[in-house]
Structure formats: structure tokens, C-alpha cells
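Novice: Place chain B on chain A using the hints.
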Amino acid sequence: MSELAATPTLSKVRGARLGRWLVPALLLWIVAYVFLERLSTWLTHDLLRLSPATHLGSAVAFFIYEAPKVLLLLTLVVFGVGVVRSFFTPERTRAILAGKAESVGNVLAAALGIVTPFCSCSAVPLFIGFLTAGIPLGVTLSFLISAPMVNEIALALLFGLFGWKVAALYLGTGLTVAIVAGWVIGRLKLERHVEPWVYQMQTGPPNLLLPSLTWEGRLRAGLDAVRDIVGKVWPYVLAGIAVGAGIHGWVPENFMASIMGKGVWWSVPLAVIIGVPMYSNAAGIIPIVHALLEKGAALGTVLAFMMAVIALSLPETIILRKVLRPVLLAVFLGVVTVGIILVGYLFNWLI
Amino acid sequence: MKRIEVLGPGCSNCKVLYERTQRAAKELGLECEIEKITDLNVIMGYRVMSTPGLVVDGELKFSGRVPSVEQLKELLS
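Protein sequence lines correspond, in order, to chains A and B.
In terms of this note's numbering, the first sequence opens at residue 1 and continues consecutively.
In terms of this note's numbering, the second sequence opens at residue 1 and continues consecutively.
Everything labelled a hint here was simulated from the structure, so no lab data went into it.
Take these hints with a grain of salt, some might be off.
To be verified - Pairwise CB distance ranges (calculated):
no., chain 1, residue 1, chain 2, residue 2, range
1, A, TYR199, B, ASP39, 17 to 23 Å
2, B, LYS26, A, TRP250, 47 to 53 Å
3, B, THR38, A, TYR199, 53 to 59 Å
4, A, SER280, B, VAL69, 52 to 58 Å
Unchecked claim - Below, simulated DMTMM-like cross-link-like pairs (lysine to aspartate or glutamate); rule was C-alpha separation at most 20 Å, straight line:
no., chain 1, residue 1, chain 2, residue 2
5, B, LYS15, A, GLU195
6, B, LYS36, A, GLU195
7, B, LYS73, A, ASP228
8, A, LYS322, A, ASP224
9, A, LYS232, B, GLU35
10, B, LYS61, B, GLU35
11, A, LYS322, B, ASP39
12, B, LYS73, A, ASP224
13, B, LYS2, B, GLU70
14, B, LYS61, A, ASP224
15, B, LYS2, A, ASP224
16, B, LYS61, B, GLU19
17, B, LYS61, B, GLU74
The beta-carbon is built from N, C-alpha and C at its ideal position, and this holds for glycine as well.
Here chain A stands alone, though its shape is the one from the complex (with noise of 0.2 Å):
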């Protein structure tokens, strides 16, 4: 396996080299994080005289201190992981896969799904060089389903909405659900039904083609996933954001109690069944989830809720038709499914 070590071209950075700019950004962030919560106050109460009593005080409120303070949260994040990212591409993640046996490969393809660099409309190329590489189905699901699922944003926003316990839940479960579900669809044995012109593909020494980036390559790309993840997902980050405040504002303390709460044994498969068909990105969803969770919803049923709507969706599934036949399909929505209701009820019981 041997690296193309060529010049960074594309990675050439003219001007100010952007290392000197790191600390003093980092400092601003910081900054600015801290002093939120009392502009924040301020604005809404003394600017705008909105009282925090009012259904639209408390709208407001919500919705000035939460959209930059989230914006703020996914703007660091996803420059941090864009910069981890630099490392990994799947071609590499594939040669770490190839030859392990199946239960650490299970585990290893789970994690290397939070960074690997994926997009959906990758699926089907990189599900084909995988399993062209000997990697076992089970294996090259358990990726697939933690890639889309452990997000960064998702973890960027629970953390700074919840707090790490609560992401660091999100991230353990949804790893392991990934490691399961793809070695339960490994143990069942359904090889066969893959289409079999994927097995078809020709092989051959994969296409390794990161050059090896300098650190100045590596805090560009962090930046460039800045601007292209923030810069399209900000505008769902702040719906999102409104859509909650006015939960926050307007719905009824404990309403949600009722139909989300965890005295509803049938909560749990409820909200993964209507999540599951659904696709939004993890930024539009994370605030009405917060919003939701203000109001009674339990905790178990919101994040299964939020797993179920990112992790399998139907454009999703159009894609991977293309390569799984009808009865390992319907297998991979079902354990990932079952895995999320599973998941769903733990945390009601544990919390």
C-alpha cells in the first residue's frame, strides 16, 4: 500500500499561513461562547422589554440565546472534525478493514464511520469497494449505518444542548448499535442476497490518493467543511431553532408527556416508526428535539426518535436497493429499526 506522496496542490495556501490564526479564533470563540447567555438577557429583556412571562418572551429568549450559541457549537465542531477527516479518506478505511475477522471488524468499521469522510451518494461505491476488497457484508454495514448515524453535527448539538453525558449516550449507542446490527446480519448469513454484479466489479490496488497534507493542508480543509457544511445546513439549524422556541413558548409544560413521556410503553416504537421514513439533517432536528424534551418528552423516546430519522431514510433506501436485493434490505431496516426501539427503551429504564 503506498501513498502517492506528491505535492499538495490542492492544498496550497496563499497569504497569511493560517496556523498563526488558530489561537487568537479559538480565544474569540471562546469569548463569545461565554458572554451569550448575558446578551442574550439582555436583548430580549431590556432591548426588545420582552418579559420572560409572555408566551413570546419566552420565544424570543430561547430563540436569541440558542441560534448563535448552536451555530457557535456546529462551526467548531465541524471544523475539528473536518481537520481529523483530513486524515482518513475510504480508501484508507478499506485497507484497515480488509482481512479482520468479523467481530473486530465489526467494532473497527463502526468507529471509522464517525470519520471517515462519507456522503449518502457515496453508498453505493464505497458498499462495492469494500466487499470487492474481501470486506465482509456484515462488516461494510456496520459502517454504513454508523456513518450517516454518529455524526458530528448531532454530537456538536446534543453536546451543547444537553451536555456531554447525553452526547457521549448518543455516541455509545450508536456505535453500538452499528456493531450489532452488522454482525447480527453477518451471522444470518445473506450473502446471496447481494446483487450479484457487486461481486462482479473488478478488483485491484486501491486508488490511495491523499497526498500527504501538510498542517496548513489540514486547517484548510477544516475551513473549507465549515463553509460547506455550516454554510448550507445554517438556514434548517435555525428553523429548527424557531420550530423549538416556539414549543418552548407556546406548548403546555408536560403536554408531551403524554404521547412521548415514559409512561407510554408504545411511545418508543412509535416515534422510531414515524422517524424511520423521515430524513432531515441532525442540525434541522436537535433543537425541536431539545424543545421536545422541555416539554416531557422522555429522553429514551426523543433520541430514538432522532437515531430513527437519521440514520435510515428513503432516499437512503433507494440507494442501497441498488446493490441490496429486497430480503437483505427489508433484514438491515428491520435489526437497525429493532436496534433503535431497543435503545429507546434502555434509556427510559435507565434514566
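Specialist: Positioned in the frame of chain A, the structure of chain B alone reads:
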């Protein structure tokens, strides 16, 4: 005359790469033929695992990213 192929099954990233490549070539005044390839067989033929990808005169230049017009100009010149 360069032959440029933009590899991608049709998601938004692939379209963006195609447009940026066209702009880069135009700004460079490059003589070239730019083609969008959506056929999976061809894409896999270049052993690309992460779309979109760019092939110039049969050689794969990169995959899995959407560089800026500036970065593309550097690459194509």
C-alpha cells in the same frame, strides 16, 4: 485538447463539481471536453469509492471532495 470527466451518480455535490470545473476551465481558457459520467460501471472502473471524482485524460485526480474553483484551476493548469 484535454478530456475531463466528472464522476458522480447525480447528487448535488457532483453537480457542483461539474459547474465549478466548467468555470475553472473557462477562466483558464482551457481547450477541453468536459463530460459528466453517471454510469456506475465506469465510475467503479476508476476504483472510486467516494464521489464526486475528477478524471483528466484518463487519470484520476481526486475523489470524495469538491474543491473550489481556485483549487480546480491549479489542478487543471
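Novice: Sort out which numbered hints this structure fails and list those numbers smallest first.
Specialist: 3, 4, 5, 6, 8, 9 and 15
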